[in-house]
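Asks: The hints should help you fit chain B with the ligands onto chain A, whose structure is shown.
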Amino acid sequence: MDLTPLTQMHLFPVRHHSPRTTAVLSRWLEQVRPDVVLVEGPCDATALVEVLCDARTVPPVALLGYRTDGTQGSAMWPFAAYSPEYQALRWAREHGARAEFIDLPVGVTLTVKRTPESSSAPASGPSPVEAIARARGYRSFEEFWEADFEAPDWRPEQFRAVLLAWAAVLNMQPRDEVHRQRDAFMARRLLEVVASGVAPSRVAVVAGAAHVAAFAAGDVDLALAQRLPPAVPSTVTVIPYSFPRLSEQLGYGAGNRAPRFYQRAHDAQGDFRRATLEVLLEFAASLRGRGFTASLDDVLESYRLAMTLASLRDKQAPGLDELREATVATLCRGDASHADAFLWKSVIGHQVGQVSSRAGRNPLQQEFWHEVDSRWLPRMDRPEPFSLQLNNALEVGTSVFLHRLRVMGVPYATHVGSTHDKRNEEQAAGGITALGRVRESWKARWTPATDAALVEKLALGITLEGVTTRVLQARLDAAKTTGAAAEILLESVLTGCSRTVDAALRAVDSHAAMDEDLCSLASAARALFGLMAYGSSRTRSELGDDAVAALGQRTFTQALLRVREACGSPAHDVFLVSNALRTLHEAALSQPLADKEGWLAEARGLMASTEVNPTFSGLAMGLLYLARELPEDAVALALERRLSRAVAPGASALFLEGYLQVNALALVRNREVVRTLDVFLRGLRAEHFIQALPMLRRAFGALSDAERRHLLQHVTALAQSNEAASPPKLDAKEQAAMRDLNADLGKMLDDLDGLL
Amino acid sequence: MPDIRLPAETKYKTELDALAAHDSRPRPPGWRLSPRAVETYILGSDTPVGGVKISPKYVGDRSLVQVCIATLASDRALMLVGEPGTAKSWLSEHLCAAISGTSSLIIQGTAGTSEDHIKYAWNYALLLSLGPTPEALVPSPILRAMRAGQFARFEEVTRTSSEIQDALISLLSEKQVSIPELGRVESAQRGFNLVATANTRDRGVNEMSAALKRRFNFVTVPVVEDLEQELRIVTMREAELRSEYATGVPPSEELSRVLLTLFQELRRGVTLDGRTRVRPPETVLSTSEAISVLFNSAILAEQFGTGEVTSQELAASLLGAVSKERKEDEQALRDYMETVAKVRTGPWKSLYAESKKLLRR
Ligand SMILES: Nc1ncnc2c1ncn2[C@@H]1O[C@H](COP(=O)(O)OP(=O)(O)OP(=O)(O)O)[C@@H](O)[C@H]1O
Ligand SMILES: [Mg+2]
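Quick mapping for you: the protein sequence lines, in order, are chains A and B. Under my numbering, the first sequence has 672 at position 671, and the numbering climbs by one with no breaks. Under my numbering, the second sequence has 284 at position 303, and the numbering climbs by one with no breaks.
In isolation and in its complexed conformation, chain B is listed as follows:
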């Protein structure tokens, strides 16, 4: 089986190469592309560049992407914050791929993240045989990024301990790592920077210090409000997933629309026409969740269904997604079905019927 989850710089190499070849604007030091070309890469372009169509990666506000790029171009670290599943990691990956040519210098923040992970560690076998030498040193992704003048990524920063956050402050303000064992200090090459992500639902667990906040510019990646836009995103990403995994059958536009209408209404707590309030569940009904519900239905339909995605698969996937965390959410979904879905026509009818079967038990 081929490596299905290729990093962005590999998967979109053709696009990146074409953009680089046709980029006449000035590039900030260490950048592979000019800010404008990065923008084009992220948002896509209708007109092909050097014969290559540039597909949209992030679908959303152009100015948001511009603020990200302007931040990085002015040598500031970037913090992407937002609700789960809003494409923070996705944006980070593509920004790094486009600007530094790599999205793999990545640290996953957890409560257990230690200073080794963000500075350097030692290969103990070599350390014992050679003593503290450069060969025995295992650089962290951040140190590697500093050496190469590239971007490092730090996922879920807020989950790390405050000591790690403090260490990060000095890394970012001094842009250097001192290695006392080797008696040297390594300074970042130009082009080094950091793209971090943080989940707003995590905040409060480990509130970021004011000092650390000051090292970043913050961009809030919003939940997609517009139905058509979210429909576009979900359809696009779900199709990409099916082709990456070579499985599943395409769901109809009609059903996708029903699903996203339901997602948006539950998320907002009110129907799209603003007439009926509904109780939102605790589960985060993110765009990303919608993608996986749809993808899951596509697989169910192929594996166990008629080969066509119907309300049955949709209801099953939906119930799995919504109520896997909390029982109350099942009630919220039931309420929604009774007050909203029940009175609607078309595919809602069968969705209502199918979910009623599953919810009754």
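Extracted from the complex, chain A is given alone in its bound form:
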């Protein structure tokens, strides 16, 4: 095919989201007055030009293309009011010209994007444009662009020439295959328009500078278009967009860095000084609103500094960098954190776009209904209970889906836990217990609120996984302790969000060493080990199970380091610390990876220590004894020492309480132990006995009937041997009385229990 018509068309190179480009382009279109305006953008979205240009559509908005074959995949083409493509469409509409998109259809773009070869990252080191910017003394290409392209007031012809020259320089680098294929695809569309009878001189083309440079140079290999992959099933729609989201579109640069600032520059016909002053005024007002002093004087000083800085840097007008630096030095008195917290908001903005009419389901709704239909889940507005067997991929998948909705806050299904406590239901749905579950009970009910929530959540992402990931990520960012991070780790596993699994692992990791809270560390360690034992196949973590194992080990070790301090300080909640110690003990004994020796050493230390709360010494001894790490005579010896008269009775009681907490059997198994206890109790003075009574009641109250009987046998046996040493001997009758007494004693203990 003949490429000459390409060079006969009116070609306008753009940088996406550049207000200066837009300003120059508008003037240029007035000069050229084309009949047809062809714009870079997915060609199957041409039908949406009407929606984009509708008076009720307010940018920022985006074209959203996504796959409809059940595979993940989507792409967005955002437009701000200052995006040249958007202005080109509007100009066409206002002037009765035909407007069309000319780039690859969505279905092709989505496959191309997924092909790894095309995404081959540029070699290490700064890209050529960055290198040029640095050589010119700028810190980044963006700063260079802003100073040399955005700030000056260009005439259309100059601007076109400069941009084309730039693009030609860039195109001397080997270009990405996909870009050349897109050149070819777009060129074909252009030629088709000419072939349909439009004179090339009546056509205006608005596209990225690199493409336009290729058209202008006739450097297009039309055959390349044939190499494009076939389109996958897809559809495209218009969705509202927002300035904050626009600013997240890294890689585009230009106006995306600070949409509100560039919108102001756009509104001021490219006057960046005015935009600077406006932002400063707004920023000062927001500082005042927060109770800081920010006078008009400060604003003017700030403006002056921005201007001086710009001129020091040979710039025609201040840009974002000068704006920021001047604000920090003046209004923020050197504190950049204010600027980053507030100024950045004023330059990014929070505006949300609007899309005219156009109903239809959004991608989240589509995914939701697809899942509900294919999994035969309830779709009516009435509660329906059902349960899932978590031993097959299908039902695990359903579980993941429902947990995602739960985490997202989309009202649909509630987990029916074993607990009757309503407040705990939410908590019980996730967490460590959920991991071990083989069966889950749910109750589901669709309401209009379900769909409403799905529309709302679209702002956070376009897939359930994406939104859940974001929600979890936000919670993770807010998580202050290892335990909290570990909880999110578990949620991530339940919801199959591999990205947050990794992030949460890292968060647990980084919190762990700084975390001084034994309880948080212990529960994190348990969660990590639990993950190893149950959920490893569901973690889908890139880091792999080894990472979880290593982290579990480290967290466990960290927890061990905190044991002493937690047990020694009166500030800690005894109940929580006891739980943490038991958690560590369980993990040490049951998890091959846990540092068992380390724990045992720690526990022995606690047992021997007189610095810590005696409850923990007792508890540690009980645990050690139970784990057969401590011989019986050692227990008896320690008890004797702890319960001796030399020790304050209060401390003895606490020690005993800790010890008895573990497992009463540990107490009643050994006669020597019982004897020591017996001596201690008998020796207590009345007032001390009363003090110790609540504790004793707690301890003995936990005994089962069998254990009580066991204990009493020991007590009676001891009594008998005492008697044996000192005549007279009990005769048969007295022995019978003694047996009765035993029964009475047992009953008394029961009564005591009920009484206290």
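These aren't lab readings, by the way, just hints derived from the structure by calculation. Check the hints yourself; a few may be wrong.
When the alpha-carbon atoms are kept at most 27 Å apart in a straight line, the in silico DSSO-like pairs for lysine-lysine are as follows [claimed, not checked]:
no.: 1; chain 1: A; residue 1: K346; chain 2: B; residue 2: K194
no.: 2; chain 1: A; residue 1: K597; chain 2: B; residue 2: K323
no.: 3; chain 1: B; residue 1: K156; chain 2: B; residue 2: K100
no.: 4; chain 1: B; residue 1: K323; chain 2: B; residue 2: K308
no.: 5; chain 1: B; residue 1: K338; chain 2: B; residue 2: K323
no.: 6; chain 1: B; residue 1: K(-6); chain 2: B; residue 2: K34
Everything numeric in this text was worked out from a predicted model, so none of it was measured.
Replies: Just chain B with the ligands, lined up with the frame of chain A:
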């Protein structure tokens, strides 16, 4: 012994002269150099100016230096704030030397700084014999700077009393000093300005008034985050110190790197690979402190060691620096050695061993 601590304008006279001779850009009133030439002086230049190599003085963000210069060029007083040992005084000295040709019009702020120090005092002998005459008046560095159209320096402003800070406000807003005893008012010549420094660790002791803050533009001099950069700074400054004092032996790059890695990790509270958290000590582990630890090791090695800086000298100097203020810091260092240094290879091994000896006692 020669005066080893020469002021910057003397020590770098050759550079300053060369810059002035080849400076074609406009200079603000009273400035010896154009803003661009000042920037070159502070940050150094790879290409010699008039055959003179311009050495870097401050190593860091160009834009920070530009904001300082733009502030001073727009006739605003400059306040350099930051953690201790981040080169605030150093920057102030060099800015004043380059712009005004003098860095010695300096006031050291303390709780005892009085109005005499910032305005004028009297020579009592002359006052008694001549009465209140201009000859008997002893001008403060600020008054001298005003008369000469030069920059004055005010170190540690936040340590002065609020009365002094109030007096400073009127000095800065009116740019004049009234001398009622002589019945006259002296106004600043163009070119007068003030460069102040304040230590963020001092704040709260004497919180600056909002009115005073409004007279300044603030530039926060940051702690150096990048290891390579800090290594460059420390190596450069330590070598300069050795040559100034003509003592010490050069420490190896490897050991310097170990030291700075340790400094950065303790400062951040986490190892550079982000894997292990460590507890930061209270002592400020500034760049300046790193320079003196290294310099100290260099002297120890020469005076008492083998003539080569080893982990032994480094550990000794380090311990002196870190735990001189607080005992808890010694614990922090011990923790670091046990959790981080112990498992590393190469020079860390010997550092661990040496410090273990010293820490055990
Ligand atoms: N970025 C840097 N570039 C060059 N030198 C540096 C840098 N950072 C620190 N230094 C060196 O550190 C030393 C300490 O600097 P200086 O005394 O100016 O610190 P300071 O910020 O004024 O500290 P303080 O608050 O304690 O007064 C100087 O020798 C200086 O050369
Ligand atoms: Mg200082």
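Asks: So which of the earlier hints does this model not fit?
Replies: No hint contradicted; all consistent.
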